[in-house]
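**Student:** Line order of the protein sequences matches chains A and H. In this text, residue positions in the first sequence follow my numbering: the first is 4, and each later residue adds one. In this text, residue positions in the second sequence follow my numbering: the first is 2, and each later residue adds one.
This list has only true hints and no planted wrong ones.
Coverage of chain H stretches by chain A, computed from C-beta distances (three or more under 8 Å per stretch; other residues unrestricted):
1. 7–17
2. 40–49
3. 63–74
Okay, derived cross-link-like pairs now, DSS-like style, lysine-lysine, Cα gap no bigger than 30 Å in a straight line:
4. H/61 with A/355
5. A/351 with A/418
6. A/355 with H/20
7. A/434 with A/355
8. A/45 with A/110
9. A/391 with H/124
10. A/410 with A/71
11. A/65 with A/48
12. H/26 with A/418
13. A/236 with A/199
14. A/210 with A/227
15. A/418 with H/61
16. H/61 with A/351
17. A/418 with H/20
18. A/391 with H/61
19. H/26 with A/391
20. A/391 with H/20
21. H/93 with A/391
Sample of chain A residues lacking proximity to chain H, with all beta carbon distances greater than 10 Å (derived):
22. 142
23. 203
24. 434
Hints are computed from structural coordinates only; laboratory data are not their basis. The C-beta atom is built at its ideal place from N, Cα and C for all residues, glycine as well.
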Amino acid sequence: MNQSTYYNPELETMSREQIEALQLERLKATVKHCMNNEFYQKKFKELGITPDDIKTLADVRKLPFTTKSDLRDTYPFGMACVPLRDCVRLHSSSGTTGNPTVILHTKKDLDEWANQVARNLWMVGLRPDDVFQNSSGYGMFTGGLGFQYGAEKLGMLTVPAAAGNSLRQIKFIKDFGTTAIHAIPSYVTRLYEVMKEQGVDPRRDTKLKMLAIGAEPHSEEQRKRIEDMLGVKAYNSFGMSEMCGPGVGFECPEQNGLHFWEDYYIVEIVDPETLEPVPDGEIGELVLTTLCREAMPLLRYRTRDLTRVLGRSCPCGRNHIRLDRMRGRSDDMIVLRGVNIFPIQIEKILMKFPEVGTNYLITLTTEDNNDQMTVEVEVNEGTDDFNKLQDLAAELRHQIGDEILLKPRIRLVTKGTLPVSEGKAVRVVDKRKVYQ
Amino acid sequence: MTINQLSIFIENRSGTLIKVLEVLKQSGIQIIASTIADTAEYGIYRLICSEPLRAYEELKNAGVAVAQSDVFAIELDNQPGRAAEAVEIFSKAGISITYLYSFLLNGKGILIFRTDNSELARKTISQNGLKFIAEEDLTSYT
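Next comes chain A alone, as it looks inside the complex (with noise of 0.2 Å):
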């Protein structure tokens, strides 16, 4: 059995120097096997390179993003770089302006990826012994099996426990001697709240001993308040589908910046606007090209999280870089209770109601440890019955609420006091104390 501080002691703990060896080694790799795609073909010719141009580390500036968008125009599997007969899994966002974003991967990247959870879950101190319960969505959102795959593959007895019925998680903790819980912060805050409501004191009560927690944004002092409720250690989790999942970056016991495991990617920070690498402390995009993916590498994925450089040594022995939490998206993208929320699928629920406007103003805000949305719509069309606008509040609620997999309050508000749904207005308030 593994004895070390370290999941893999030869890759974790590897200098800059040879981290950076087999990146370029890798990088060539992919970059030979992306000309398997008719995208990424397509891409090289328009910019006049071939994969023999990467000769170095640096060379990778010369090869093209990928966008988000791109994922969506080549739906669903022109991004592939193996034929489909050889994917055994497929992960899938929710569609907002077109077409869902699809993510393929075969049985080796699925092994890969867990490999990247189990790291992450021994750096802070998880073996076989324990016991992991998975509070996290399962189905397409990738928290949920990229968990179970990798705490297992760890070797831990792992519950898939899914989100919510808090009173049944709160058994489970009990009864199975649950050590560790992988949730998105609001559900541990809400997981604290019905203990304390059952009489149960989580230090007295339970065998915890830690929490990772992510996909969901949130500041050092609600990470703080995290531990301070269940005297126990939370980690950051970073993860994105189209990397794999979970497991892409983890805070190890120091808690001062994610290691980004560059034996899988390549990390880049970058200005959003001019799309030049900004200096290590400076925030910008965080761009990664995957390393080790057969599916589906991606060359240069702009994530749209703002992010920047801590460092790339650390006293816990790993010396891959580390980043900062994430301080914010370069789109408009929201994440909210783990939900990722374009506000234009909004606009386009909006659109069918001509009782309101198309002028609609999104406000987040965290009330009693809770993330809130509420959505301001213009009343365009007099009335002279109540119910009709409170039918119009509730249908709105619903119909937006099926759209982003989560209900807002609605407020009605008087024509003309919104900002106008065309060009840049601000149409998202952030009033959370998450990027703080």
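Mind docking chain H on chain A? Use the hints.
**Tutor:** Relative to the frame of chain A, chain H by itself:
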């Protein structure tokens, strides 16, 4: 037998009512009666005015969410108990009143109400010989 009432969406925020009143003022339209019914976030401002059609157009052009609706206006003697008698008549006829408001005008009590069963209301008013105010009578009051 009915009169034209304007119903305006009013958000519970300072400044929204004044905007409506300014439009009417600028247009030289006189308010005969008005009432606000509200919930926590918004209300409906109902008003009876001179020249309701012109008022409707002016408000609409000013970007106000306004609707027209037909309401009954019953004229009663200015005596205690008259309102009770009138409402009892409707009640006995099986007419449910959605909302009601009243005011005094030229020494007469005016009862304004809306019902979902207008047909029955018309019949009841006629049969009981209640005095009602018609649309064209409105101008004579101002």
